[in-house]
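Peer 1: So the protein lines, in turn, are chains P and D.
Per the numbering used here, the first sequence starts with residue -19, numbered consecutively.
Per the numbering used here, the second sequence starts with residue -19, numbered consecutively.
What the hints contain is simulated information worked out from the structure, not anything from laboratory work.
Every value quoted in this text rests on a predicted model; they were computed, and no experiment measured them.
Keep in mind that the hints are not guaranteed to be accurate.
As the list claims (entries may be wrong) - Lysine to aspartate or glutamate pairs mimicking DMTMM-like chemistry, simulated, CA-CA at most 25 Å apart:
| hint | chain 1 | residue 1 | chain 2 | residue 2 |
| --- | --- | --- | --- | --- |
| 1 | D | K49 | P | D177 |
| 2 | D | K103 | P | D149 |
| 3 | D | K49 | P | D149 |
| 4 | D | K76 | P | D134 |
| 5 | D | K71 | P | D134 |
| 6 | D | K180 | P | D134 |
| 7 | D | K180 | P | D177 |
| 8 | D | K228 | D | E198 |
| 9 | D | K180 | D | E51 |
| 10 | D | K166 | P | D177 |
| 11 | D | K103 | D | E341 |
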Amino acid sequence: MARKLLMLMHEMNERLQQESAKELLQFDVVLITTDSQQQQQSSSIISSTKHHGLEISRFCFANEEDFVESLQTNNVQLFLTSDKSEASQATQKGVLSALLDHQEASPPSDQLRIMFCEDAIIQPDTGPTPANREAIQGFAAQLGEIRRRFSLADSPLCFILVTAHGSKDSCASSLLTLRSSGISVDEAYCLAGAPRDPIMPLLQPHFTIRISFSDLEE
Amino acid sequence: MVKMSLDSVQVMSGQAKELKVAPSSNGDSRGSWEEKEEFHQDNLGLTTKPTPVTGRRARKVEGGVFFPKPENAVTIAVSTRVLFRTDREQKVFQQKGVEEYLRYQIEHENEPFAPGPAFPFVKALEAVNARLRELYPQSEELFDIVLVTYNHAHVGIRLINTINHHNLFIERFCMTGGSSPIGYLKAWHTNLYLSADSEKVREALAEGIAAATMFLPEKQTEVSESQLRVAFDGDAVLFSDESERIFKAHGLDKFFEHERDNEDTLLDHGPLKGFLEALGKLQKKFYAKGQRLNCPIRTYLVTARSAASSGIRALKTLRAWGLEIDEALFLAGAPKGPMLDKIRPHIYFDDQMFHVEGAAEMGTIAAHVPYGVAQKHNAKQNTSVGK
Chain P
-19 MARKLLMLMH EMNERLQQES AKELLQFDVV LITTDSQQQQ QSSSIISSTK
31 HHGLEISRFC FANEEDFVES LQTNNVQLFL TSDKSEASQA TQKGVLSALL
81 DHQEASPPSD QLRIMFCEDA IIQPDTGPTP ANREAIQGFA AQLGEIRRRF
131 SLADSPLCFI LVTAHGSKDS CASSLLTLRS SGISVDEAYC LAGAPRDPIM
181 PLLQPHFTIR ISFSDLEE
Chain D
-19 MVKMSLDSVQ VMSGQAKELK VAPSSNGDSR GSWEEKEEFH QDNLGLTTKP
31 TPVTGRRARK VEGGVFFPKP ENAVTIAVST RVLFRTDREQ KVFQQKGVEE
81 YLRYQIEHEN EPFAPGPAFP FVKALEAVNA RLRELYPQSE ELFDIVLVTY
131 NHAHVGIRLI NTINHHNLFI ERFCMTGGSS PIGYLKAWHT NLYLSADSEK
181 VREALAEGIA AATMFLPEKQ TEVSESQLRV AFDGDAVLFS DESERIFKAH
231 GLDKFFEHER DNEDTLLDHG PLKGFLEALG KLQKKFYAKG QRLNCPIRTY
281 LVTARSAASS GIRALKTLRA WGLEIDEALF LAGAPKGPML DKIRPHIYFD
331 DQMFHVEGAA EMGTIAAHVP YGVAQKHNAK QNTSVGK
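Using the sequences and the hints, build the whole thing.
Peer 2: Pasting the structure below:
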């Protein structure tokens, strides 16, 4: 699953390069692991990734207590993991994280689909600190820039907005907030309380960024 | 042309004994059709309640906003081009491409669209919802109107602004940015899908979802604001196209023969039978509260079958399905236009473009159900009616 993701990002980097030889915006992938067993096999991990043709610029071996610091030192803007507790730890310390879900339906391999989900039920104490709003906004702006390099149709990158519980007006303000942060969404779904599970196989995101939109507001 | 109501059929022919007309769905026995019409006109004059602006929109239940669950509600999905008029924007898209189209939309974000052909229908659905909420405040058995479009989300703000401008109670929507919306229709148990795109409508029908292509009527006619009126053709809409096949292959005589021989065999169901059923369930909720005479939903069968012969099979089938239709109009081949003009339905479903176009010419809001054998004929004589 993550491998497909990496390949997609690699492809996107290539296309970005195609668009403009001086392209500075790129997806830079850092592989981080806190599993001590894996760390002992560090060299085999590195060669394995090379073997599979995965473009990874940096490897980082940390332990569970301070992996978030490693993330921060490496200027990681988005942390992808399938481990829920790791994700929430990172978020609490101000690093934007997203869960890689294990879905039955495999997402398309020709388009990276990023879902932004407005979660009306975010606890106030697990949100990112205000100081990091800038970081998130910066990341959003860069993502938006990358998207703009591609055309509207046939893009290798696609943004999806899903508002689960709010009314259409809250969806409208989410659209506007994202837009002012630089992200113009391609697909939008306002569920107004309808269950999300039946449409997940249709949405097919590679990962979901859960934010409350006050994170992006000034 | 014979105009008949369900009551009169029993009187006419001895053969109809098995029909057993139950306490008529039309309330107390009214004689001719003309009388009914007057009754309705009085009714219209009386109650044009201005829809209350406060308390009609997001209803609060226990601090949260109340939206019905898709499986409990009657879900009606409409596309942008039938709910609103987007002619100018369509032209931009066709002449200048998608990027220019989206730029145009964003530029005009604060200009609401004008109402489209499905707009009166949606307003009427909301009027019914208002009445249902009065009688059953906690029930989720309501109409749930969903906007399902393969428009790009860049148009989202303009659509939401337009919905607000027209005071529509649409909270759910789905902008797929180009991919097929059919999956979402299925996921949300859609009971009816209305679109301007006949391809999408065909796809939906193939998936078992009631669907129809809507066309803008050529002139504006007034429809009731307090009573939802839905009219259906019989064959290939409520019923299967089996009889039409016979008619097209072997002619009228064979058709009559076949109908006579099979009078006691039920017709198979057509694509819109489920929707009629859903309407019937909501109607019963009004009857249960003593609102039979004042029911804000009224259904019509407008068929070329004739009452004395082929029509009987249609009525028997409806009876056996447990479906009541308020008025059955057997035209025995006469043109449907004038009859529809009298009924003024918010929507009329027919499988033949010939009838849909004829109706639109007279100002009836007609929708084409591209189902059954008639479509092969339609392909040849398809003139595009203004959308």
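Peer 1: Would you mind marking each hint as holding or not holding in the structure?
Peer 2: Going down the list of hints, with the structure as the test:
no. : hint            : verdict
1   : D:K49 / P:D177  : holds (13 Å)
2   : D:K103 / P:D149 : holds (20 Å)
3   : D:K49 / P:D149  : holds (19 Å)
4   : D:K76 / P:D134  : holds (17 Å)
5   : D:K71 / P:D134  : holds (22 Å)
6   : D:K180 / P:D134 : holds (21 Å)
7   : D:K180 / P:D177 : holds (24 Å)
8   : D:K228 / D:E198 : violated (29 Å)
9   : D:K180 / D:E51  : holds (22 Å)
10  : D:K166 / P:D177 : holds (13 Å)
11  : D:K103 / D:E341 : holds (23 Å)
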